[in-house]
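J.: Chain by chain, the residues:
There are 2 protein chains.
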Amino acid sequence: MKYPNGIKKQYINIKSHSNRGMNLENDINDTNNYYLVNDIAIIHKKPTPITINKVDYKSRVDAVIKEAHFKIPSTTDYNGIYKGKYIDFEAKETKSLTSFPLNNIHKHQIDHLKNIYRHGGIGFIIVRFTKLNKTYLLFIEDLISFMDTSERVSIPINYFEDYGHIIKEGLNPRLDYLKILDNKGVELWKN
Amino acid sequence: MKYPNGIKKQYINIKSHSNRGMNLENDINDTNNYYLVNDIAIIHKKPTPITINKVDYKSRVDAVIKEAHFKIPSTTDYNGIYKGKYIDFEAKETKSLTSFPLNNIHKHQIDHLKNIYRHGGIGFIIVRFTKLNKTYLLFIEDLISFMDTSERVSIPINYFEDYGHIIKEGLNPRLDYLKILDNKGVELWKN
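Which chain is which? The protein sequence lines are A and B, in order.
Numbering-wise, this note's numbering comes out as the position in the first sequence, counting from 1, plus 6.
Numbering-wise, this note's numbering comes out as the position in the second sequence, counting from 1, plus 6.
The following block holds chain A by itself, in its conformation from the complex (with noise of 0.2 Å):
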């Protein structure tokens, strides 16, 4: 584990602490469960993908798990239906300061965000700077453009700023994710 700018490990520790239960992941659920409720949106995360290797028959009801792995997950964590529109996407925190790590996000998932693209769907990613508490929707058209364009392994803050939108924190929905897509309009629609 890496500690960009000299930040000392503390610091770090005890900052994610007290985030704890208010992470990335959370506001996005909690923001889809309001969507949810309210019949605005219908998204959902996807299950962590895991393979089991032994399972345990207690009973006709229990069965317990005893050994599984984690897999790598073929697509993304999020998918859905917005408006009569498919809707796919992939949420990342970083604690740089300064740009995103494209090594956060697995290439077959940038590779199925642009897929889904290509099949007339809404593709897109939410990275959080958690140091900085700003938080983007950068859509994948847009994120394929700077891939295309750039040799950098990773995105600077700038590009976000010039080329995603960001979303404002509220408190119900606490990320009003889907506003992006409706300032997006027309363009948007059309395919």
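Honestly, the hints are just simulated from the structure, not real lab data.
Among these hints, one or two may not hold up.
Any copy, or any two copies together, can satisfy a pair, since identical chains are not distinguished.
Each computed DSS-like pair below joins lysine-lysine, with the alpha-carbon atoms no more than 25 Å apart [said to hold, decoys possible]:
#1 K89 - K52
#2 K51 - K174
#3 K89 - K72
#4 K113 - K52
#5 K72 - K113
Given the coordinates of chain A, work out where chain B should sit on it, guided by the hints.
T.: Chain B in isolation, oriented as in the chain A frame:
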């Protein structure tokens, strides 16, 4: 476990044994893979939802789950995109010769499919009568109209014949269920 129609237990065991690796889930996964590599549609099975209780972090790369439990899924097993449309379905086998018991599908999965339909997606169930070697696709709107008009706790096979769509088995793809969506044509794409 019930053995309907007086069929002996041994028979069922042999039968299900010889069919191992050829079941509905495998057929659908193979078909989805065919759709994916031929760039026809992007449809994936969601991982089995579990609650993880204990993880053994042997090393940095290899974590082993030591205790976990199966959770009731909050959505259906399959979703994705086809021709720009959001697709969502559940697949079930039954050994019955006469009807499909509705308790094979969780009520909230049916509610989920209803929701998808209301939001402009395409929802359906795929049901295989294993002893008859017949596999049907039934759109959620037709499943709802059955449930709204009948008190029965199982759907008789003639309802599938009249309102469902038989999916012919092939070699590659094994179970071309998207063809049914094509055949439905205009009606399907208008919403």
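J.: Now tell me, hint by hint, if it's right for this structure.
T.: Verification of the supplied hints:
1. K89 - K52: both (20 Å within a copy, 22 Å between copies)
2. K51 - K174: within (21 Å within a copy, 33 Å between copies)
3. K89 - K72: neither (42 Å within a copy, 41 Å between copies)
4. K113 - K52: Cα proximity of K113 and K52: in one copy and across copies (18 Å, 19 Å).
5. K72 - K113: Cα proximity of K72 and K113: none, with 31 Å in one copy and 29 Å across.
When held up to the earlier numbered hints, the structure conflicts with 3, 5 and fits the remainder.
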